[in-house]
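Student: If you want the building blocks of each chain, they are given just below.
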Amino acid sequence: MTDQGFREIIFSINGKQRTLYIDIRSSLLEVLRNELGLTGAKEGCGVGECGACSVLVDDVLVDSCIYLAIWADGKAIRTIEGEAKKGKLSKVQQSYVKEGAVQCGFCTPGFIMASTSFTEKNKGESVTEDEIRKAHAGNLCRCTGYQNILKAVEKSIEP
Amino acid sequence: MFDLKKHIKATCLDDAIALLIENPNARLIAGGTDVLIKLRHGKKGYSELIDINGLEELRFIKQDKQNNILIGSGTVFSDIIQSDIIKKHIPMLSDAAQSVGGPQIRNVATIGGNICNGVTSADSASSLFSLNAVLVVKTQGAIREIPISDFYLGPGKVDLKKGEILTTIIIRPDDYMGSFGYYYKYAMRNAMDIATIGCAVCLKVKHHILADFRIAYGVAGPVPIRCLKTEKSVTNKKITLKLLDDISRFVAHDVSPRTSWRATKEFRMNIICELSKRATKKALNRAGEGL
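Going down the list, the protein sequences come from chains A and B. Position one of the first sequence corresponds to residue 1 (our numbering), numbered consecutively onward. Position one of the second sequence corresponds to residue 1 (our numbering), numbered consecutively onward.
Source of the hints: derived by calculation from the structure; they are not laboratory data. Each hint should be verified, as a subset may be incorrect.
[Claimed, not checked] To give an idea of the chain B side of the interface with chain A (calculated C-beta under 8 Å), a few residues: (1) Phe2; (2) Leu4; (3) Gly32; (4) Asn53; (5) Gly54; (6) Gly101; (7) Gly102; (8) Pro103; (9) Gln104; (10) Ile105.
[As the list claims (entries may be wrong)] Once the Cα atoms are required to be at most 25 Å apart in a straight line, the calculated SDA-like pairs of lysine to any residue come out as: (11) Lys87(B) to Asp130(A); (12) Lys44(B) to Gly46(A); (13) Lys161(B) to Gly141(B).
[Unchecked claim] Reference excerpt, derived from the structure (chain A facing chain B, CB under 7 Å, subset only): (14) Ser12; (15) Val47; (16) Glu49; (17) Val60; (18) Leu61; (19) Val62; (20) Asp63.
C-beta atoms are modelled at their ideal positions from N, C-alpha and C, and glycine is treated no differently.
Starting from the given sequences, assemble the full structure and let the hints guide the process.
Tutor: In structure tokens form, the structure reads like this:
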């Protein structure tokens, strides 16, 4: 492989097809933030413990800081920037606003993606508080104490 | 940026084996939840990677005609949690898979990586020890099967030779059918934490007699361990509360925990003895024995 450390990847980002020539050393988070200007996903811990960098890859929730960007080839990536459609917040986002589940906001994009993954997976089903907590156990928030986030997720799952 | 010098994507298992042989300094990367963190921390020996991430050939959970349960090494923990086969036949493995990291980690981290990483705290390892799991390791022109209890050579060191890849984990019907198990993870928090002690119990009951008893620990020694002396002393004994006390006394002689910043040796020993009782009781309850 004579690619001098760069490789072409074709993937979809928030529904739009993109082709990028990327450094094989980059994480998906670095490509999102530095190449595509999508700065919603944040780098918190950088080692997959805080979830601030959470995005969906083919609808699977992953920490983009410990996900090689080249793995995105052929995949569909969803980030917080694509959740509001035509200026209207998604149901999850709206619920976070209503419940005041946001304080400093640093963890919010990651949390919203975790909640989005959870609500889409459990559509129309009744879920327990414990299940909600477990599904968000990979995301840390140092402001809210989680109670309002929990309420927001409950609200987003209501039919 | 990860300090990566070389990255080659394997197209299939055989390609991965050939690439490992061609590139003697290269290591495998699957889910990346260990390797990428080591790279980020500047650990040497990870700058050349052979990539088997997302290789479908290694991602499966199935039951063969002989009722062996086969788990591909590239199976992620979320697959194990959602698998009907595992839920039905080996719920303890489901317990263990659920206790790994958090959702994001479980969505990408593979069971094969958890084992080959060679750490004593791996949640899947102690459970697989108690299930007498057999590992299938493949290289060019050769396949060998190793009981998991022989696979760990030391901290971070497993019995994989150059050009070998762990492909499948086999759990035999004798070891899961009619068996009831439980995995108990003791950690400071419920998620995103490494076990202070992990305890896996797998047992069979016949007329209120403990017909088969297997108990394994993570973090109770440099590698995951089975408590063979304890198992021998309590097998075929009547199930009583006293038996639980005996087990908790006996296990202390089978383990060798150490002090680290997470916990002292003495505290770990206390947890080891207590968890033997709790995990055994839970497994007995699953077997229909009320104690």
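Student: Confirm or reject each hint.
Tutor: Results for each hint:
Taking 8 Å as the C-beta cut-off, the interface hint given for Phe2(B) holds, the closest approach to chain A being about 5 Å. The criterion of a C-beta within 8 Å of any C-beta in chain A is met by Leu4(B), whose closest approach is roughly 5 Å, and the hint holds. Taking 8 Å as the C-beta cut-off, the interface hint given for Gly32(B) holds, the closest approach to chain A being about 6 Å. The restraint placing Asn53(B) at the interface with chain A holds, with a minimum CB-CB distance near 6 Å, inside the 8 Å limit.
Evaluation of the Gly54(B) hint against chain A yields a held restraint, the C-beta minimum of about 7 Å falling below 8 Å. The closest approach between the C-beta of Gly101(B) and any C-beta of chain A is roughly 7 Å, which is under the 8 Å cut-off, so the hint is satisfied. Because the beta carbon of Gly102(B) sits about 3 Å from the nearest beta carbon in chain A, less than 8 Å, this interface hint is met. Interface hint status for Pro103(B): upheld, as the beta-carbon distance to the closest one in chain A is roughly 5 Å, under 8 Å.
With a cut of 8 Å, the hint placing Gln104(B) at the interface with chain A holds, because the nearest CB-to-CB distance is about 4 Å. For Ile105(B), the interface hint holds, since its Cβ comes within 8 Å of a Cβ in chain A; the closest pair sits about 6 Å apart. At most 25 Å may separate the alpha-carbon atoms for a hinted pair to count; Lys87(B) and Asp130(A) meet this at roughly 19 Å. Straight-line distance between C-alpha atoms of Lys44(B) and Gly46(A) comes to about 19 Å, which keeps the hinted pair within the 25 Å bound.
For the suggested pair Lys161(B) and Gly141(B), the alpha carbons sit about 14 Å apart, so the restraint of at most 25 Å is met. Hint on Ser12(A) is violated. Least Cβ distance to chain B is approximately 17 Å, over the 7 Å limit. Proximity of Val47(A) to chain B holds as hinted, the smallest CB-CB distance being about 5 Å (cut-off 7 Å). Restraint check, Glu49(A) versus chain B: the minimum CB separation of about 6 Å is within 7 Å; hint holds.
Taking 7 Å as the C-beta cut-off, the interface hint given for Val60(A) holds, the closest approach to chain B being about 5 Å. The restraint placing Leu61(A) at the interface with chain B holds, with a minimum CB-CB distance near 5 Å, inside the 7 Å limit. With 7 Å as the threshold, the beta carbon of Val62(A) comes within range of chain B, its nearest partner Cβ sitting at about 6 Å, so the hint holds. Given the 7 Å rule on beta carbons, the hint for Asp63(A) holds: about 4 Å separates it from the nearest Cβ of chain B.
Checked against the numbered hints above, the structure breaks only hint 14 and satisfies the rest.
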